[in-house]
Amino acid sequence: MNEAVKVNYLMRLDAPMGLLINREKPVSFTFEGKTFTGFEGDSIASALLANKHWLMSRSFKYHRPRGPLTMAGQDANTLVQLGGEPNVLADRQTITSAMMVEGQNYNGTLENDRDAILGNFGRFMPVGFYYRSFFKPMGVWDKWEGFIRKKAGLGKLDLTFQPEYYDKKYLFHDVLVVGAGPAGLAAALEAADAGASVLLVEEQPILGGALTYSRFDEEGVVADKLRTDLVARVEAHSRIDVLLNATCNAWFTDNYLPIIQGKRMFKVRAKECIVASGAFEQHVVFRNNDLPGVMMSSAAMRLMKLYAIKPAEQAVVLTGNDDGYLTAIELHQQGVLVAAVIDMRERADNPELVSAVQKKGIQVKSGFTVYEALPTKGNKHIRAVDIRKIIARGEVDKASTLIECDLLCMSAGYMPSYQLLCQAGGQLKYDDDAALFSLSNLPDHLYIAGSVNGINSLDAVVADGRFAALKALQQLGLTEETALPVKCTRTLNYQWPIFSHPKGKDFVDFDEDLQAKDIINATRLGYRDVQLVKRFSTVGMGPSQGRHSALPTARLVAKATHRTVTETGVTTARPPYCPEKLAHVAGRIFDPSRQTAMHYRHLELGAKMIPAGNWQRPAFYGKPDERDQCIHAEATHVRNKVGLIDVSTLGGIDIRGPDAAEFMNRIYTFAFLKQPVGKTRYAVLTSEQGVVIDDGVACRINEEHFYVTATTGGVDRVYRDMMKWNAQWRLDIDIANVTSAFSAVNLAGPDARKVLEKLTSDIDLSCEGFPYLAYREGTVAGIPSRLLRVGFVGELGYEIHVPARFGEALWDALMEAGKSLDIKPFGVETQRLLRLEKGHIIVSQDTDGMSHPGELSLNWAVNRKKSFFIGCRSVDIVMAQKQTRKLVGFKLPVTSTKPEEGHLVLEGENISGNVTSCEFSPATNAIIGMAYAGINQSDIGFQLPIRVNNGEMVMAEVVALPFYDPDNSRQEM
Amino acid sequence: MHTIQPESYSQRSFIYRQFSGEKSVDNTFMQVAGGVLALSTGKDSDAPGLIDLSLVPRAGFRGVNAEQYVNSMGFPVPASPNQAAMTSQGECVLRLSQKEFWLLSHPQQNVCDRVEGYALPENGCYPLYCQDSHTWFAMTGKHCPDILAKVCGVDLRAACFPPGAIAQTSVARVNAIIIHHVIGSEQVFSIMSDSASATYLWGALLDAMAEYEGQVYGLNKLIE
Chain A
1 MNEAVKVNYL MRLDAPMGLL INREKPVSFT FEGKTFTGFE GDSIASALLA
51 NKHWLMSRSF KYHRPRGPLT MAGQDANTLV QLGGEPNVLA DRQTITSAMM
101 VEGQNYNGTL ENDRDAILGN FGRFMPVGFY YRSFFKPMGV WDKWEGFIRK
151 KAGLGKLDLT FQPEYYDKKY LFHDVLVVGA GPAGLAAALE AADAGASVLL
201 VEEQPILGGA LTYSRFDEEG VVADKLRTDL VARVEAHSRI DVLLNATCNA
251 WFTDNYLPII QGKRMFKVRA KECIVASGAF EQHVVFRNND LPGVMMSSAA
301 MRLMKLYAIK PAEQAVVLTG NDDGYLTAIE LHQQGVLVAA VIDMRERADN
351 PELVSAVQKK GIQVKSGFTV YEALPTKGNK HIRAVDIRKI IARGEVDKAS
401 TLIECDLLCM SAGYMPSYQL LCQAGGQLKY DDDAALFSLS NLPDHLYIAG
451 SVNGINSLDA VVADGRFAAL KALQQLGLTE ETALPVKCTR TLNYQWPIFS
501 HPKGKDFVDF DEDLQAKDII NATRLGYRDV QLVKRFSTVG MGPSQGRHSA
551 LPTARLVAKA THRTVTETGV TTARPPYCPE KLAHVAGRIF DPSRQTAMHY
601 RHLELGAKMI PAGNWQRPAF YGKPDERDQC IHAEATHVRN KVGLIDVSTL
651 GGIDIRGPDA AEFMNRIYTF AFLKQPVGKT RYAVLTSEQG VVIDDGVACR
701 INEEHFYVTA TTGGVDRVYR DMMKWNAQWR LDIDIANVTS AFSAVNLAGP
751 DARKVLEKLT SDIDLSCEGF PYLAYREGTV AGIPSRLLRV GFVGELGYEI
801 HVPARFGEAL WDALMEAGKS LDIKPFGVET QRLLRLEKGH IIVSQDTDGM
851 SHPGELSLNW AVNRKKSFFI GCRSVDIVMA QKQTRKLVGF KLPVTSTKPE
901 EGHLVLEGEN ISGNVTSCEF SPATNAIIGM AYAGINQSDI GFQLPIRVNN
951 GEMVMAEVVA LPFYDPDNSR QEM
Chain B
1 MHTIQPESYS QRSFIYRQFS GEKSVDNTFM QVAGGVLALS TGKDSDAPGL
51 IDLSLVPRAG FRGVNAEQYV NSMGFPVPAS PNQAAMTSQG ECVLRLSQKE
101 FWLLSHPQQN VCDRVEGYAL PENGCYPLYC QDSHTWFAMT GKHCPDILAK
151 VCGVDLRAAC FPPGAIAQTS VARVNAIIIH HVIGSEQVFS IMSDSASATY
201 LWGALLDAMA EYEGQVYGLN KLIE
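Protein chains in written order, with UniProt numbering: chain A, 1 to 973; chain B, 1 to 224.
A portion of the hints provided could be inaccurate.
Unchecked claim - To give an idea of the chain B side of the interface with chain A (calculated C-beta under 7 Å), a few residues:
no., residue
1, 62
2, 75
3, 169
4, 174
5, 195
6, 197
Hints are computed from structural coordinates only; laboratory data are not their basis. The beta carbon of each residue, even a glycine, is placed where N, CA and C say it ideally should be.
One chain only, chain A, in its complex shape (with noise of 0.2 Å):
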């Protein structure tokens, strides 16, 4: 046994003390570089403790020394800097080996911060000085901005870190209880008795709540007793599930609630959720509360029972309940030396306790308080305290008395838990008098039970988690017995806890440094609700959420402006409960993406992919740095020879039954009830709004079966469309979205007809026999398939549509098939370059919000012979309109700056258009695009100014379209 772990076992407390602790199991990490050693279960804070460590972190705005306030991370005192990660909350983070800790927010060292001085400044950094600040004069902000913004923020980043592996997952339970105390496991056993499946989350690794840590009598038996049978209970319970080190960090309608738990976010759904999340205890406010050795005495005594750890060589408990006492007696018995137990009352609840107390030789101030705490050099520790008799509300008397001690644990009474419940709606009211919380207006299905609910001796504590449990039961049909709600009139909250002080430092809120008397500051500078004092001051915003200064914000505040706490109320408590990662409400990121069954035959070829839509596809085959050279190239084979693209992502519909040619003709702008069976025809829709909204080629299969494909990215919708029209037309129909059911590819090119010839037999390929914009089924390569003529490049062109189990093998056949016409394949920005020559628009790219046919010169694919088509009455009321623009082309010498997408195209000083496509053409050698221009620019021949980058102007001529081939004789070959 090294030295190291000699001196850890030396400084303990012998068991029981140190639940969490194995002491079999030294562990040793780093500290600021100097290397400590604990135990196994030892948190950050705890271990260092145990070395006599202290000093954690340093405030946010004063830089003042630091340490443990709570043991149970619910305050900002220990926060750290765990390697890459910063704001790690020691007193929760357990240690593991070789773990490498480091301070934050100092200037120098954790030891010795120069920005300590800032403490010496604080009256000229009053509350909200930074919103009266640095802005005047103008321009100043600069200035300041960038030392405030290496001064704001807690931690490092690491610039480097690499995303880690976070997920979620759904829970289902009858009954969910956030907390595992004495209400908490009441509750849990009670429903699982009854037939309830159980989840009990506690936010800390061992179940009991206040019974692992707190004593409740004077002889210190009764918590362990009952911890030790309720939680044997609920272990052995089938019915209940546990998670511990787990937080419940929110509540959302019908009890919907993430609870996390290491790098995972549970998503609960619980039929009924009793909350017995417990209390906070509060702090007294008084000068110098924050120095390192003023404690909780809840922390105190969790240090003592959890971890073994002896706290201090001579105490001194303030308090403002009987608990104090218990605390003193805890202390004496594991041999710390009680200066005094300062009581702020005049007399106590339970007088034996005061005699339990006294006999052990510890003297009783009644009606006293710490009016300030004495520090050792640099603040680094607390080595006395000035008491003070209480002669009136928050007032001390002059005479004061020193008591030296290195510790002080303080209680000012418990407020509760309120956090989740108040966001379901819960609303918490103070009885300034009795100083009592009470909640109400829970919404049904969730519960209350403990401490959170009033409840504050141990028997009606678990009494309430049973009631609460059976009003859960009953909901749930699991009983039927009924119970009379617990009462308690057993208080712990001193009513007034603030004892300002002169020269401040009597910290209200120790994230932010904000001290009694900023918060009435920011009432006299009129800020007079407790939300607004919260916005000016920020109290209550840093990472313990108001847990301690909530209470005495609204003390103050209610002093202030002469009302009580009720009237004033707390700030509000909004989800998350605790600090939580970005990573947690990501969780594992499902980005789902579709391939067609080609996929790896285009990766296989070199293809460089892109999205479309959620699609990926195949932009052009060859080296990304080469993409004009590779498109050229493929434009000038397909034009030449013959290309093979895969159009699989192409939507796909089939409409199907007697209504389906009355269903197609109220739906596309064109006339389909005459359409022959096997031909297509091209189909435009419009929204109701009379714009352009998708396009496609629909082909008549037979009398009742059309097969109309959409667009990649407009499929979904179209289909939706088409359930919602006829959910009202009620046609006799049936539509199906059979987009992943069919892979298709387009073969292109003077050679298409003859690769085909080669694995095709059953059908007429001839020009006579499968014309232009015919529709034909059959097999291709022995594989079932449907065939379109089409001519969206503007060559002889088939586009094959198989069962996509058949996708990958029809690919293989044709490639092969064409292996001796030198077939290749080509992607869809060639294919975009091949219809753009042919002058044909991409709904979505060279149309936009408000493009109506008539601006698209689509007007030849509107019937305006039928009486009804979605869209139509708006088609006539926009095209009878005075057009304003039109969809035209142009083309502009090679050696012209090339205009991109979304260039402006200028009629004078004013926008009246923008470029839509534009690209070079290798079948034209020229640079050709289409653009939207002013109705005055449309005509032929006119040069059109088009902005291009860096200002320049270009002047492109409008031509007719299309730019290549005319009179389509390549595509209808």
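Use these hints to put chain B onto chain A, whose structure you have.
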């Protein structure tokens, strides 16, 4: 050296590459309806498993006369939507809505052969393309509800989702149909989802299973 490989056939599973190439060392395949599926992956344990059934034959029908048609072929018809019924041959009949039915084969049979013998009603009953529009995975093992709870918001524990139950929901953000039923003697959760998203979903499910040491199995996990 394996005698049969997926690429030797014109019908290929949407995720056959997960079983071929470098991943194929321990794999053997069996013919299923014009293609092949992994028969064995060389793994056999009690750990949860994921099995590709994409090529196992299935047929779907929709329309006002679909129920009558399914009934006329002798298949049991579930009483209400989102229920499944098993036949004595191990086929599974899914009722996805009042008017939509799917018939799933046992991996060693072909329900489509049986369907071919029955003429469709003249109207009101339209065949669906579920063989190609959807991929079919089966998840086995006792941790299935826990695994699926990582990717799906429906309570799939046996008490809430007994054999015969169907959920039409979202799995890892992809639309999916989940069926709790039996294949052979194995309780499975069949997951039928967009075939174009098959590779993505396969990966997402395996990722979710990793915590439970999930394995990729072949059909031999389900057949005698």
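Should the interface hint for residue 62 of chain B be scored as holding, given a Cβ-Cβ cut-off of 7 Å against chain A?
-> Hint on residue 62 of chain B: holds, closest Cβ of chain A at ~6 Å, below 7 Å.
Hinted contact residue 174 of chain B with chain A - closest CB pair below 7 Å = holds, 5 Å
Would the stated hint for residue 169 of chain B survive a check requiring a Cβ distance to chain A of less than 7 Å?
-> Constraint on residue 169 of chain B not satisfied, violated at 11 Å.
Taking the least C-beta to C-beta distance, is residue 195 of chain B closer than 7 Å to chain A?
-> holds, 5 Å
Please verify that hint: residue 197 of chain B, Cβ, nearest Cβ of chain A, below 7 Å or not.
-> holds, 5 Å
Is the shortest C-beta separation between residue 75 of chain B and chain A less than 7 Å?
-> violated, 20 Å
Hint compliance for this structure: hints 2 and 3 are not met, and every other hint is.
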